[in-house]
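2 protein chains.
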Amino acid sequence: MNVLWIFAHPEPRSLSGSLRDEGLRALRGLGHECRVSDLYAMRWNPVVDGADFRHDAEERLIIGASSHDAYDAGTLSEDIRAEQEKIAWADALIVQFPLWWYGMPAILKGWFDRVFVKGFAFGVTGPDGRTLRYGDGKLAGKRAMVLLTAGTPRAAAGPRGVNGDIEHLLFPLQHGTLWYSGMSVLPPHVVYGADRLSAEQYEGYADALRQRLAALPTADPIPFRRQNGGDYDENLVLRPDIMPGHSGLAVHYATPAASRCTA
Amino acid sequence: MNVLWIFAHPEPRSLSGSLRDEGLRALRGLGHECRVSDLYAMRWNPVVDGADFRHDAEERLIIGASSHDAYDAGTLSEDIRAEQEKIAWADALIVQFPLWWYGMPAILKGWFDRVFVKGFAFGVTGPDGRTLRYGDGKLAGKRAMVLLTAGTPRAAAGPRGVNGDIEHLLFPLQHGTLWYSGMSVLPPHVVYGADRLSAEQYEGYADALRQRLAALPTADPIPFRRQNGGDYDENLVLRPDIMPGHSGLAVHYATPAASRCTA
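Residue numbers (UniProt numbering), protein chains in the order written: chain A, 1 to 263; chain B, 1 to 263.
If you are wondering where the hints come from, they were derived from the structure by calculation, not from laboratory data.
Given the structure is predicted, the values throughout are model-derived calculations rather than measurements.
The reader is advised that the hints may include incorrect statements.
[To be verified] One-sided excerpt, in silico: chain B residues whose CB lies under 8 Å from chain A: (1) Leu169; (2) Phe171; (3) Thr255.
[To be verified] In silico SDA-like cross-links for lysine to any residue, where the CA-CA straight-line distance does not exceed 25 Å: (4) A:Lys118 / B:Lys118; (5) B:Lys138 / A:Leu61; (6) B:Lys118 / A:Glu11; (7) B:Lys118 / A:Gly29.
[Said to hold, decoys possible] DEER-style ranges, computed between Cβ atoms: (8) B:Asp220 / A:Gly245: 34 to 42 Å; (9) A:Ala199 / B:Gln201: 37 to 45 Å; (10) B:Ala82 / A:Glu58: 48 to 56 Å; (11) B:Tyr202 / A:Arg154: 23 to 31 Å; (12) A:Glu78 / B:Gln211: 26 to 34 Å; (13) A:Glu33 / B:Ala57: 51 to 59 Å; (14) A:Glu59 / B:Gly129: 40 to 48 Å; (15) A:Met1 / B:Ser198: 28 to 36 Å; (16) B:Arg28 / A:Glu59: 50 to 58 Å; (17) B:Ser77 / A:Asp21: 54 to 62 Å.
Glycine included, every Cβ here is placed at the ideal spot set by N, Cα and C.
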């Protein structure tokens, strides 16, 4: 497979940097081709503005329209086009980051903000005029996996932990971004207590990472429901006969949470 | 009250810009003092790196330790200290942004990443040695409210909508960041279908915003559970006798969701 590894940590001499190096070594050892977007090393600009679209500053900026036009015309900023080209090349994306304020570091959020423009990752329609998203879209067929380092202990980010269930904290990324744009999302590989791992714990996580990467081409993705799979009504609300009486983010999984959790 | 309005949209001639102007006019008309952090206009740098802490690039960067030391020594970057000073001045924060990929624009995420450093917004302990967070901390006593513009129709971001419940999409910000650092978080004011509002719908949202701002000093905050309120065990997991058998983000609210939803 062709694998694009997106890395969003400022310090290569970190736990994150070590896991990235382990992971790339493992993938290459398995015969996969790898490319890396090391966002800090690239000095990636995470701020969407009119310059991305060669927008005339005298005119009011409407981002959806401007970005779509620039995407179609091939006039997006060169750094954005380079990332889109890497994604087009890739069969799978590894999205690696430290959890900062329960989300992505800004440099990574702005990679999605700038690269996932209208026409490329959303605002895509099929031949029958239906919007392609949540399991359909131009990026369908690709796989994605989050590799996360988090200071929180595992229990505090579990189903009843004070920080919120890690799967739900990742919902905007895993469901709202990766699955939205069509990708199959594998369960995340989460390193807990990342600021105080023993050498033994590190070896355990690194070994588990190698196993996860070995299964990258074949592992079952998170069973998010498809927008066009018949589960949602015309207002994009889950039909009343499906999980009646339930609400919350878990209703958007076709099978219960317990079966999808991994170490 | 002293109100800090944080604004994260690149185009002042936008729906977001109009709502900000309406909101500031209303607050000032009510006699409140207002300051604005217009992140795009300030060309805010959202990327955490060692330069924030005058870190020696030859040494391995450990962000928590470096940022805490720099905060204590008063040597954080000047732009960070200026924002911390505004927060210290404020009795309430309005956090206004367009929903991009189900989260904050990178420029705003990086405002939290850089400004909410250890010692200021987390890693604070009380006299008895307990960690102060989730309702306690240096920012306790301040209020915060999210003002959000989102393209999604209301139903699709409701309790069973395909995008996920908006309150849960905002959980990392409202619970994991604002409440974590001690602030009381008011229910969000959300403008749905923001890319296609009629003039009449705009007036409705602007009027509702004025009402929300008039109630800013007195409105009931979201009833998130306090970490040190007795609901969580020593592993920070909700005690088994509280909402037994339930999981998901809703368990961290002390009263059911229906009572806290606002237009």
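Now the hints, each set against the structure:
{"no.": "1", "hint": "Leu169", "verdict": "holds, 6 Å"}
{"no.": "2", "hint": "Phe171", "verdict": "holds, 6 Å"}
{"no.": "3", "hint": "Thr255", "verdict": "violated, 15 Å"}
{"no.": "4", "hint": "A:Lys118 / B:Lys118", "verdict": "violated, 37 Å"}
{"no.": "5", "hint": "B:Lys138 / A:Leu61", "verdict": "violated, 39 Å"}
{"no.": "6", "hint": "B:Lys118 / A:Glu11", "verdict": "holds, 18 Å"}
{"no.": "7", "hint": "B:Lys118 / A:Gly29", "verdict": "violated, 40 Å"}
{"no.": "8", "hint": "B:Asp220 / A:Gly245: 34 to 42 Å", "verdict": "violated, 27 Å"}
{"no.": "9", "hint": "A:Ala199 / B:Gln201: 37 to 45 Å", "verdict": "violated, 59 Å"}
{"no.": "10", "hint": "B:Ala82 / A:Glu58: 48 to 56 Å", "verdict": "violated, 30 Å"}
{"no.": "11", "hint": "B:Tyr202 / A:Arg154: 23 to 31 Å", "verdict": "violated, 46 Å"}
{"no.": "12", "hint": "A:Glu78 / B:Gln211: 26 to 34 Å", "verdict": "violated, 47 Å"}
{"no.": "13", "hint": "A:Glu33 / B:Ala57: 51 to 59 Å", "verdict": "violated, 32 Å"}
{"no.": "14", "hint": "A:Glu59 / B:Gly129: 40 to 48 Å", "verdict": "violated, 57 Å"}
{"no.": "15", "hint": "A:Met1 / B:Ser198: 28 to 36 Å", "verdict": "violated, 48 Å"}
{"no.": "16", "hint": "B:Arg28 / A:Glu59: 50 to 58 Å", "verdict": "violated, 30 Å"}
{"no.": "17", "hint": "B:Ser77 / A:Asp21: 54 to 62 Å", "verdict": "violated, 30 Å"}
Violation of the numbered hints given earlier is confined to hints 3, 4, 5, 7, 8, 9, 10, 11, 12, 13, 14, 15, 16, 17; the remaining hints are satisfied by the structure.
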